[in-house]
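Student: Now for the letters of each chain:
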Amino acid sequence: MQIQRTGDAALVAELGTFATQQENATWQADDMYGNMTYWFRLDTPALLYPAAVALKAKGARLTMVSACRRDTVGTSGRYISYHFALKGIVYTLRVTLTDTEDSTPSITPIFANADWHEREMIELYGIHVTGQPNDNRLFLDEKLDAGLLEGAVPLSVMMNGACTTDLWERVLNGREDGEEKK
Amino acid sequence: MSNLLNKLSVRSPWLFRINAGSCNGCDVELATTALIPRFDVERFGCRYCGSPRHADVVLITGPVTLKMRDKVLKLWDEIPNPKVTVAVGICPISGGVFRDSYSLAEPLDHLIPVDVNVPGCPPRPQAILEGVVLAKKIWMRKLGIEEG
Amino acid sequence: MSGTKTFSMPLGPVHVALEEPVYFNLTVEGEIVRKTHLTSGHVHRGMEALAMRRNIFQNATLVERVCSLCSNSHSFTYAMVVENALCMHIPERARYLRVIAEETKRIASHLFNTAIQAHIIGFHSLFMHVMEVRELMQDMKETVYGNRMNIAANCVGGAKQDINLKKQEYILKQLELIEPQIREIQDIYANDPMVHTRTYGLGLLPVDDAIALGVVGPVARGSGITDDCRKDSPYAAYGDLDFNVITETGCCAWSRVQVRLRECYESLSLIRQCIDRMPEGDIRAPLGKLTVNSAVARTEAPRGEVFYFIRTNGTDVPERLKWRVPSYMNWEALSVMMKDCNVADVALITNSIDPCVSCTER
Amino acid sequence: MAGFLKVLLRNVLQGPSTDPYPLGPTFSPDSIRGKVVVDPTMCIGCGMCVHVCTAGAINIQHNENGHVITIYRNSCCLCANCHLYCPTGAITLTDDWHSAHEQAVKYQQIEQQHIDYEPCLGCGTPVRVMPLALVSKLYAGKPDVDPEHVRHLCPRCRQMEDAVRTYNLQHPEAPASGNDEA
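Going down the list, the protein sequences come from chains A, B, C and D. The first sequence runs contiguously to residue 188 in the working numbering. The second sequence runs contiguously to residue 139 in the working numbering. The third sequence runs contiguously to residue 355 in the working numbering. The fourth sequence runs contiguously to residue 201 in the working numbering.
None of these hints come from the bench; they were simulated from the model. What you are looking at is a predicted structure, and each value in this text was computed from that prediction instead of being measured. Take these hints with a grain of salt, some might be off.
Which chain D residues face chain C? A few, computed with CB under 8 Å, are given here [what the hints assert, rightly or not]:
id : residue
1  : S36
2  : P48
3  : S50
4  : V71
Quick reminder that beta carbons are idealized off the backbone N, C-alpha and C, glycines included.
Build out the structure end to end from the sequences listed, making use of the hints.
Tutor: Printed below as a string of structure tokens:
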């Protein structure tokens, strides 16, 4: 019953030309329903732009961009995954940022819906996106610092523990403190 | 004179709701309770109003995000006294599943005095109705009138 | 009014016509909207950061609280992405159970959006009627799953609870009750002069713009784009079930509501097929091996495609969990739809994309 | 307009659809997830529920004489994860959905069970008496085992007895004082 659904061979080959330098730079995996996903580790962030142009030419749609926190990925470097969908198949381009190449090109000119994703990346992760003109905050309150999830601040400090600090103490003592505030 | 007004107004507390960053669950259930004939909160003389200045009972949903905090306080401040505050859902009561997030302010009762809690995720409309009935009782107590 | 002077008009964040806190800054010229600027973030709860501090079992519940209207789609896609990362195969019966939960939520969600449209138009009796019909679905969720909104149907590896024969009969009975009512509602929304005049041709999103902006779900299908994850990359039991992808070509608010209501018929049929064909057996598979892996998963939620990305590092706390909700893609389309519309139509157009602020802001 | 007039007319004929609650009975299915309760005869204090609870609503405190499990209803999001993953089936959800309460009793909305330990029949160390149902299941195929006796043993004494029984060994002297692992 199960049918294997694979991607566009020409497109996979073309995207493969942008991912050649690292070991295991391209790989593929399917889920239990036979839907294939393709992954490409791009050689340099700058290659994102031509790769996006190739995907656009085939009629792909940008579905999501996910950035990673520097503190959790360790030595492998910080990467950003750009997920595209074409005819039900997901292609993921992975851009690795290094100390010398710490910015990624904006692909908003190619995919209009990249705008929000890129702004979110700037806001929550403090990633430089060259050519992204819109610097309005998307989600974060002005009281919070940009690049919040980047993890420069230790998590325990960043997360305000307002709710938990004394919750269990109160619960276990059955404390009634509703009245005193009125 | 004011006593007479108080006595007359007991039959019709006006409700106002504030979404302080809720996931919609409690909000939708509030809308269901308020607006559809099945649960019909108007049976108790309660009615939803669009302006905080008319309100007597305020229902607050959501875990109070930093961005909503000042807005919630401002709206709450505009409601004339005596008012009754109802926290709907576990989020405003204790932070619920979102507690410890960087983007939340404090639980509601650290910010303003809360009178009634209706826990649940979300509470079913019947439970919200119980909360509203309880809130009405407290409101009458605050006005110095016993339920007759 | 002179009509030449523009001024800016704030709308929200707490506004009667808007269900959720969102803040519009409209540049208007007389009654006509020239530019829309949107400020969001009131519902930003920092959920992705939370998800990276909780384990994979806790996250199934956490993501369900992204939004209560499409709650099931989140736990569904989340469970799928974890299963992909752990290379798990879920039992056959669980695949059908998942579809039943998803389609039940879809009908309730579509009816809610449709009802709110009547509310904004000011057709209150229709609003109340649709909401009362939706109550049948709510009762069904409460009876089968135990909660009216967050039904907690999915867990990593399968379904949380089974649907026994008695519950199956109950579901079929409820569907029997609701189907004629939905047909009636669809007819009213299609032909009632009040609804038609107010919504037909309103909030136009031409096909080219829809493609450029990458809109998903009923917004895309209302503009004639045949795009549905359930067909493109079948998951759960969708590959074995018969259903049609509904499209309309009007590109307007009316078309989008028609897509939603007609989709309800497909959902009804899907639930019936599931109950009919569901095999006996386990409903949960044991957990796979936690390794270092990346995976993606996507499903078709009531509002469109939900996309999840996970990266695991061998522990039961994900290194990265990221999701993108359908409304995230559809918000920007509002600036196209609202171009030169009347101020009075802003709420109606906003509602036509079935916006979900809490989804978008997480 | 005719379409809706038909609906209106029918609704008028049907009469009010209002649920009489709270002045009368209401629709309330058995399967409703209302309140979490703990069965003290089954809870072994393993902490699985704490591990899977998203809202952090469960607290287990161990002391030398037993453990206390507390569930704070004002944090509980009723997801039933604890029920699903509880290895002994000690946690269930009732259909009691009446939850509204005044602020004064906010911290008293708890489910709390004290589970007392009893001395091990072998060595005397305080030990959690195993739930009878669990023991019966574990020793289902062994009619020579007395479940009532086995459930009052500490894990080490139980292992010892199992070994003695399995290999028909001479029963060694039970350790005089407690064991280190327990």
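Student: Would you mind marking each hint as holding or not holding in the structure?
Tutor: Structure-based check of each hint:
Interface restraint check for S36/D: the shortest CB-CB distance to chain C comes to about 6 Å, inside 8 Å, so the restraint holds. Because the smallest distance between the Cβ of P48/D and any Cβ of chain C comes to about 4 Å, under 8 Å, the interface hint for this residue holds. A cut of 8 Å between beta carbons decides the hint on S50/D: the least distance to chain C is about 5 Å, and the hint holds. Satisfaction of the interface hint for V71/D is found here, the shortest Cβ-Cβ separation to chain C being roughly 4 Å, below the 8 Å cut-off.
When each numbered hint is compared with the structure, no violation occurs for any of them.
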